[in-house]
Amino acid sequence: MTFLAKRYSVLPGFGVSLGYAIFWLGLIVLLPLAALILKSSELGWGPFWETVSAPRVVASLQLSFGTAALAALINCVMGFLVAWVLVRYRFPGKRFVDALVDLPFALPTAVAGIALTTIYAPNGWLGQYLEPLGLKVAFTPTGIVIALIFVSLPFVVRTVQPVLEDLEGELEEAATCLGADRWQIFRRVIFPATLPALMTGSAMAFARATGEFGSVIFIAGNIPLVSEIAPLIIISKLEQYDYLGATAVAVVMLMLSFSVLFAINLLQWWTSRRHGMK
Amino acid sequence: MKRLALKTLTALLLSSASVSAFADVTLLNVSYDVMRDFYKDYNPAFQKYWKAKDGETVTLQQSHGGSSKQAMSVVNGLQADVITMNQAPDINILAERGALVPKDWAKRLANNSVPFTSATVILVRKGNPKAIRDWKDLARPGVQAIIANPKTSGNGRYAYLGAYGWALKQPGGNDASAKAFVGKVFGNVPVLDTGGRAATTTFMQRQIGDALVTFENEAEMIAREFGRGSFEIVYPTLTVAAENPVAVVDKVVDKKGTRKQAEAYLAYLWSSEGQTLAAQNYLRPQNPQVLAKFAGQFPPVRTFTVEKVFGSWDGAMKTHFADGGVFDQIYTKK
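Protein chains in written order, with the working numbering: chain A, 1 to 278; chain B, 1001 to 1334.
Heads up, some of the hints might be wrong.
[Stated by the list, open to error] In silico lysine to any residue, SDA-like type, Cα no more than 25 Å apart, as pairs: (1) B/K1107 x A/Y241; (2) B/K1251 x A/Y243; (3) B/K1169 x B/P1141; (4) B/K1318 x A/G46; (5) B/K1103 x B/N1076; (6) A/K136 x B/A1139.
Rather than coming from a laboratory, the hints here were simulated on the basis of the structure.
Required output: the full structure, derived from the provided sequences and hints.
Pasting the structure below:
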């Protein structure tokens, strides 16, 4: 709690800027969330529990969080690879590839969903070759994972990239001088330095993916208990004018996301201490 | 939630920004998605009629979107003079929350405030390779049917109620047999799209499924978009009439002083011009003379209304589509 003690900074304007920052965060982030929790509390504990423990809701939460975790894990590996290639190698068209990474950010998610469905549907460009192999992608949970990988890729790449760029070459030279082979350098020098960024990026990717609606809804198939995502449950409750039920599911999603993010932050804190950084 | 609020806000901003300063009166018609085409034709016709009758220029604004979302926007304060929906519960909600219309709003206009209807029909692939002739064929093993999600779409709800009502009216039919029947039909649904249009895309563009259950007027849209030769329409032996109720939003028109114009706007839907425009958009007009004139495009079909078979719309919603209702049981109790 040392930060609460009054300390003098050489940089002026601490009080004012902190005040504005907290006001802004409160207005933009906390206010809607508080309204959400307040609204769901109108429901009372019994009906709240009844709503969120219904089989369809539980199945959809499992699906949303499971597919989001899988997508984040895949992006953790592939996103790192992309960042690595973009930082460490020079090749023609590199700027173009670099810009390509941001595309999922820029594209409206519904467009992404329709594009992916067009490709992976049984009569689509890729789907028509996958179907005979017994690989169904569109309208199954696999399709959901692919859509989530698409929308969350930039988070990993864009958090890992600057860290890799700032990594000093001297560190690796020193390691070579001390007799480390390439694999050892990667494992003992590069990887620990980028791990916190990689974890942040993956956590952000995960958080983004759990709530994703637009891109998933077209490719999911939306069959209850099989491919019905939690945001769709929320939408269908809204369609029935069941606003309280919808907020109840939203609150559960919020809690789950928050605990996962919190756990990842803890893990990050623990690893950075273990590796003796800061 | 946030997204919804944002949308409503944008809708409000847009509608207030586009109010023309030249018009004497502005009416806002809050409607659902696929009514866009009809009101595009109807609004200029009404403007002309009102100008000739009253000398007043009426500016008409349209707001389209998912029906329940639209209704909720009105409850939350979107200043709609009239609301035109595709099922009664979306207007009932205005009476329930905020008393924007009286509870007996449906009694105020002819035909239970329904100026035109559509029938829920079955679309099949060209040549009808799976020989689908009636609802019962959708329950056959090996047949895939595309139906929109009844939880999120009025189109899907009508499809479900059509199948259920048909099964109920078969010899020896009862709630248990009807429930088993719709269970089999939805067991054959590989994709539950969130809206009627999305289901059309799945069936026509993605070429998934052997049959699509949708409104007759949506079938006409498909014919225009994809060509008449690409599918066939099968009329079931008995199906549900999709009713499109309309209502003046009392609280808004009384505040704005637009009751006279709003009531005339809706009443004109029953005029022979309004009914003809509906028929041209493949909506079945209530006026028998107009219907007879367009008999070629509306083959006779035996229909029932939701009220007749299910008692009331709100009751049907509660029994079948509420959480834990009959539709949920299809999936959860296997």
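Do the hints match the structure? See the list:
no.: 1; hint: B/K1107 x A/Y241; verdict: 24 Å, holds
no.: 2; hint: B/K1251 x A/Y243; verdict: 23 Å, holds
no.: 3; hint: B/K1169 x B/P1141; verdict: 22 Å, holds
no.: 4; hint: B/K1318 x A/G46; verdict: 20 Å, holds
no.: 5; hint: B/K1103 x B/N1076; verdict: 18 Å, holds
no.: 6; hint: A/K136 x B/A1139; verdict: 23 Å, holds
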